[in-house]
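Full structure from sequences and hints, please.
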Amino acid sequence: DMEQNNSLPPFQGLASPQGALTPVMPMFSPMMPYGSGLTPQPVTNTNSLSLLEEQQRQQQQQQQQQASAQQSGMPGGSGQTPQLYHSQTVTTTTLPGNTPLYNTTPLTPMTPITPATPASESSGIVPQLQNIVSTVNLGCKLDLKTIALRARNAEYNPKRFAAVIMRIREPRTTALIFSSGKMVCTGAKSEEQSRLAARKYARVVQKLGFPAKFLDFKIQNMVGSCDVKFPIRLEGLVLTHQQFSSYEPELFPGLIYRMIKPRIVLLIFVSGKVVLTGAKVRGEIYEAFENIYPILKGFRKTT
Amino acid sequence: MAYQLYRNTTLGNSLQESLDELIQITPQLALQVLLQFDKAINTALANRVRNRVNFKGSLNTYRFCDNVWTFVLNDVEFREVTDLVKVDKVKIVACDGKNTGNTAE
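Line by line, the protein sequences give chains X and W.
Anchor point for the first sequence: position 49 equals 49 in the UniProt record's numbering, and the numbering is continuous, going up by one each time.
Anchor point for the second sequence: position 85 equals 85 in the UniProt record's numbering, and the numbering is continuous, going up by one each time.
If you are wondering where the hints come from, they were derived from the structure by calculation, not from laboratory data.
Mixed in with the good hints, there may be bad ones.
Below, simulated SDA-like cross-link-like pairs (lysine to any residue); rule was C-alpha separation at most 20 Å, straight line [as the list claims (entries may be wrong)]:
| hint | chain 1 | residue 1 | chain 2 | residue 2 |
| --- | --- | --- | --- | --- |
| 1 | X | K159 | W | C95 |
| 2 | X | K145 | W | T70 |
| 3 | W | K98 | X | K200 |
| 4 | W | K91 | X | S50 |
| 5 | X | K145 | W | D66 |
| 6 | W | K91 | X | A151 |
| 7 | X | K159 | W | G97 |
| 8 | X | K145 | W | W69 |
| 9 | X | K207 | W | R63 |
| 10 | X | K213 | X | R57 |
| 11 | X | K145 | W | R63 |
| 12 | X | K145 | W | K56 |
| 13 | X | K145 | W | A94 |
| 14 | X | K159 | W | K98 |
| 15 | X | K159 | W | T70 |
| 16 | X | K159 | W | D66 |
| 17 | X | K207 | W | Y62 |
| 18 | W | K91 | X | R150 |
| 19 | X | K207 | W | T61 |
| 20 | X | K145 | W | K98 |
| 21 | X | K159 | W | D96 |
| 22 | X | K145 | W | D96 |
| 23 | X | K145 | W | E21 |
| 24 | X | K159 | W | N67 |
| 25 | X | K159 | W | R63 |
| 26 | W | K91 | X | R152 |
| 27 | W | K56 | X | N153 |
| 28 | X | K159 | W | T43 |
| 29 | X | K200 | W | R63 |
| 30 | W | K98 | X | P158 |
| 31 | W | K91 | X | N153 |
| 32 | X | K145 | W | C95 |
| 33 | X | K145 | W | N67 |
| 34 | X | K261 | W | R63 |
| 35 | X | K159 | W | F64 |
As the structure is a computational prediction, the values presented were derived from the model and not from experiment.
Next up, the structure:
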């Protein structure tokens, strides 16, 4: 039995002293890169407005994000935790029970050390995205009257507004389509939904016979909202933060807080509800809320 | 000039078919008859109709172009005080009520 321990087969993960009889999943394989960054990227410069391609592209992005999250060695480990390969033979008596000796997660270069938690904890509240506004260039001139007459769910009143207003049900959005070929897409609840919706509108235009492309898609604005679950003394907040706040209850019941970093505008209400807008990326909404939360806690109404 | 909206109705179509059958009538005269029909039906509906019908259904599609609304509704109930009519699909073409003199069909 000891003989078996001396000649461990190569690349067997846990060098379990109980012997090679214990089935062990190979944890350390030279074939698996440690987040080498060489994950293959899908080709995005396609002219096809195929929705199937768009959905596949979004799924691939999600998978890549999950894969890279695993490989960065999140503390607590989701997925495979890298183990040290112990090459020396071990001569020990077998332990009672089945617990292998090398069970602890050693610090490898890939395991990040969690920074010491800051004095105040995070709020535990995540703002929910309510609206995303994006723009895209279809890359060709459009005849708006043709589009309004042939597409479904379209409005066109050139005397009032020089664009076709079109709507789709999934994702529930509204698009403004201009004769220059540029388009605005509003109403989506996430970045991917906004992009998918914009591609659907582009496909409608393409099916009407225009050589539509999908150029320079960009998220222009994101709006989020949340509830701190306690009433707020807006009058106090505007006194101490007057360089950032404007509060005129006779004009508007909410306090308008213009945060510098990140550059986000927050509407703060007595009820504790908060609206955040002006973000180009989701992280700015989250960051702005984490910044304002301790300030709001300081102005909690106690009566 | 009144809306030519009502030419594609049971009444309007019957008139057009009858005019087509009357070979001795010149096309110009037939056109004058239809224009008179347009005026007559528009004033009649505006002045001589008093009843009110409610309808409710789900919206399938809508369109607004050239100041004309076109709706397609599904599973619609038309209610008058007296009775109820249900239909699976109804197409509604609507022009502006204020007299803008639009002659689009």
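Legend entry - Pair hint K207 of chain X and R63 of chain W, alpha-carbon separation not exceeding 20 Å: Distance of about 18 Å is within 20 Å: holds.
Inset, instruction - Take the C-alpha atoms of K98 of chain W and K200 of chain X, compute the straight-line distance between them, and say whether it is at most 20 Å. - result: Judged against 20 Å, a Cα distance of about 37 Å means the pair is violated.
Inset, instruction - Mind checking the alpha carbons of K145 of chain X and E21 of chain W for me, to see if they're no more than 20 Å apart? - result: Roughly 36 Å between the alpha carbons, so the hint for K145 of chain X and E21 of chain W is violated.
Legend entry - Pair hint outcome, K159 of chain X versus R63 of chain W [Cα-Cα no greater than 20 Å]: 16 Å, holds
Inset, instruction - With a cut-off of 20 Å on the C-alpha distance, tell me whether K213 of chain X and R57 of chain X pass. - result: 17 Å, holds
Inset, instruction - Could you grab the alpha-carbon distance between K200 of chain X and R63 of chain W and see if it respects the 20 Å cut-off? - result: Distance ~18 Å between K200 of chain X and R63 of chain W Cα, so the pair holds.
Legend entry - Restraint status (C-alpha distance of K91 of chain W to S50 of chain X at most 20 Å): Between K91 of chain W and S50 of chain X the Cα gap is close to 31 Å, so the pair fails against 20 Å, i.e. violated.
Legend entry - Satisfaction of hint between N67 of chain W and K145 of chain X, Cα-Cα up to 20 Å: 12 Å, holds
Legend entry - Satisfaction of hint between N67 of chain W and K159 of chain X, Cα-Cα up to 20 Å: 10 Å, holds
Inset, instruction - For the pair supplied as a hint, K145 of chain X and C95 of chain W, confirm whether the alpha-carbon distance does not exceed 20 Å. - result: 17 Å, holds
Inset, instruction - For the pair supplied as a hint, K145 of chain X and D96 of chain W, confirm whether the alpha-carbon distance does not exceed 20 Å. - result: Holds, at roughly 19 Å.
Inset, instruction - Below or equal to 20 Å on CA atoms is what counts here, so check K159 of chain X against D66 of chain W. - result: 10 Å, holds
The structure is inconsistent with the numbered hints 3, 4, 12, 20, 23, 28 and 34, although it conforms to all the rest.
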